[in-house]
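S.K.: The chain contents come next:
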Amino acid sequence: MKAVTFSGGIHPSYNKDLSSAVTTRPLDPPEEIVIPLSQHIGAPARTCVEKGDEVLIGQPVGDAGGFVSSVIHSSVSGKVKGVEPRAGAVGTEVNSVVIENDGQDRTVDFSGLGDDWRSAETSELKDRIQQAGLVGMGGAAFPTHVKLSPPDDKPIDAVILNGAECEPYLTADHRLMLEHPADVITGLSIVMKILGASQGFVGVEVNKPDALEALREASADSGITVVPLQVKYPQGAEKQLIDACLKRQVPSGGLPMDVGVVVQNVGTAAAITDAVVRGRPLYERILTVTGAGVAEPANLVVRMGTPVAHAIDACGGVRGELGKLVLGGPMMGFAQYTDQVPVTKGTSGILLLEKSAVDTREPDPCIRCGRCARACPMRIIPADIAAFSARQMYERAEEYDALDCIECGSCAFGCPSRIGLVQHIRLAKAAIMAQRRKGN
Amino acid sequence: MTPVILPVIVLSGLGLVMAALLAVARKVFYVEVDERLEKLVDILPGANCGGCGFPGCSGYAAALVGGSAKPTICPPGGADLAEEIGSILGVEVEEVVPQVALVACAGNPQSAPERSTYIGISTCEAAHLTAGGFKSCTFGCLGLGSCAVACPFDAIVMTDNHLAVVIPELCNGCGNCVAACPRKIIKLVPAAEPVHVLCINPQKAKLVKAVCSVGCTGCKLCAKQSKRFAMTGALAQVDPTVPGEIPSHAPYACPQGTIFDSRRYKVLDWITMPACREEHEILTAEWKKAEKERKAAAKAKKAQKAKDVAREGVR
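Respectively, the protein sequence lines represent chains A and B. Okay, so the first sequence: first residue is 1 according to our numbering, each after it adds one. Okay, so the second sequence: first residue is 1 according to our numbering, each after it adds one.
Just so you know, these hints were derived from the structure itself, not from any lab. C-beta: ideal position from N, C-alpha, C; glycine also.
Rough simulated footprint, nothing fancy, chain B against chain A, three-plus residues with beta-carbon under 8 Å:
| id | region |
| --- | --- |
| 1 | 84-94 |
| 2 | 417-429 |
Derived BS3-like pairs (lysine-lysine); straight-line CA-CA distance at most 25 Å:
| id | chain 1 | residue 1 | chain 2 | residue 2 |
| --- | --- | --- | --- | --- |
| 3 | A | Lys81 | B | Lys206 |
| 4 | B | Lys288 | B | Lys301 |
| 5 | B | Lys204 | A | Lys81 |
Whole structure, please, built from the sequences with the hints as guidance.
M.R.: Structure (structure tokens):
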């Protein structure tokens, strides 16, 4: 099968060989775990434990704060030290449950459906996914059960798993697909059953031939298609993935379900298998610790709430002079001001960049070269929107479809004047959304 | 005849014809203008600051004549202008309390250090949107000057220690800076109010102390000095609705030095000159000592009185 792709995009240096050959290993949890009650898009969870409570692995510490919210589980056994605001991954303080780890790793009883999931009711499968606190594990952390509950007038006929892992440096999904291909395929089958979808795809970039092979073997006779994708950023963005796999275009302002598709990350699919088949909630995840700033890049299975400093120490610590600490990949990740932020459900990687990799030069004026427009996978004109945004002309920015921007950073990556195009567009998006809220 | 005569005659004639046409047009197409409108446009400040909420001074004048606007809402004009407007429109005018803007943050890089290096668009909105800003206190002034840009009267100074300061003498209270500040640090206060709490961080003492050495911890010691200090959660604020004057020693009661008193210092000096704070600390120590002595004296007097009473009883 010929590798497929979308139009636009960029070719950054991938730097995946730092960690792609390193087998995943579990990381022992630290003595204190800090579990934020908001690890997902939507309402924060409501705490359901108090100071002094004994908790077990897999025991809920936060109940969903609404439909678009998520249950949060303890990732260690031990005693709750308190519920207090702690540093979160997006810069502001987040209400978090602090747990003292007793090191005994006692768990609640996990009872899964085993192979019986094939005959189970759809509602039960969905309920198990919701109770396991599943959210999208690619980075955005959107609650999975919401994605699996499309309105009746939007029938879903295809489910695509995103195994592109187009972010440079990250190899967590790669290792997952290589080491647990059967879990990924089972997770996809469960999602297809819940949605009544007839087609299933797993899209994987061709720079991971071993993962492609493993998935092909695991999916033999299951009716699932493993789609080789061209190596290009942002191949894993859901609209671009749908374009590549099915040649369907999500309309402006629309969602994948408008074209009958649901996209999930491969990590989420494996977690769905864990939740449904084995009854294990989401309390740990695979992530990549990598970059020139860390001594021994690795792929780790990390408990939620582990401070990133603990994971970095387990990889030999910082090497050289650290320039930037990023949670997620270099294109869409969040730079951090402290290494005490905890790993959450959406943390796909910890990236340490050396000092020389950080460009502190001021931007130059736009030379109207058009590289940003050529790179933009959403076919909007970043330079124009940024110019409107810089002059507070937010209505014009909206006319130029600023809200279609997926903030992938392809435009800013290639800008010869180093203009912070994404930041300008984000400002415009925030202003437009604020204006809309005011209007309502 | 020189050839110049003919063009002169033609052009003069043309001019006369056009003048006649314009004179006719003036009569025929005359637009009735409310003379009050012209008068109002004349007396309004003409700064077009938008503080009234209408598009410029002429917009406000039209709204006044149309009856959809109050005569008291022009911040630069104040009470005098409101009265003039009232006399033109022939309406009663209620009292205007002149207001000025106040930047309620004094956390400079020494007292509220930066937690990260910010490389990006140099506006407060952009920095605030980027992971809550680069300052340790996520409520504090970012000092990138979005308010100063928004101020139509050049009343906001960006100091060398990365803080915004409103010069009360120049401020007309239009409120443009209030809207421009993404952190909602700037508020409008009565111009006659001399004392202010320069902090908006509503968090508890432990969290405030972790990020700033001049932030309000909610200790309530100021509230003991004057009823004018009202607590909203763990944040003290001067309540403009409570009447009375705040005693001049009230700022000394604040262990963080968050309370600013314009009767003693100019706000720009307070923010920019370390000497002001040094002097404030000396005065605070003196006041505390005097307070201690006063309390001890009062206690001794009380004890003496009790002793006297006991002796009376024995007799």
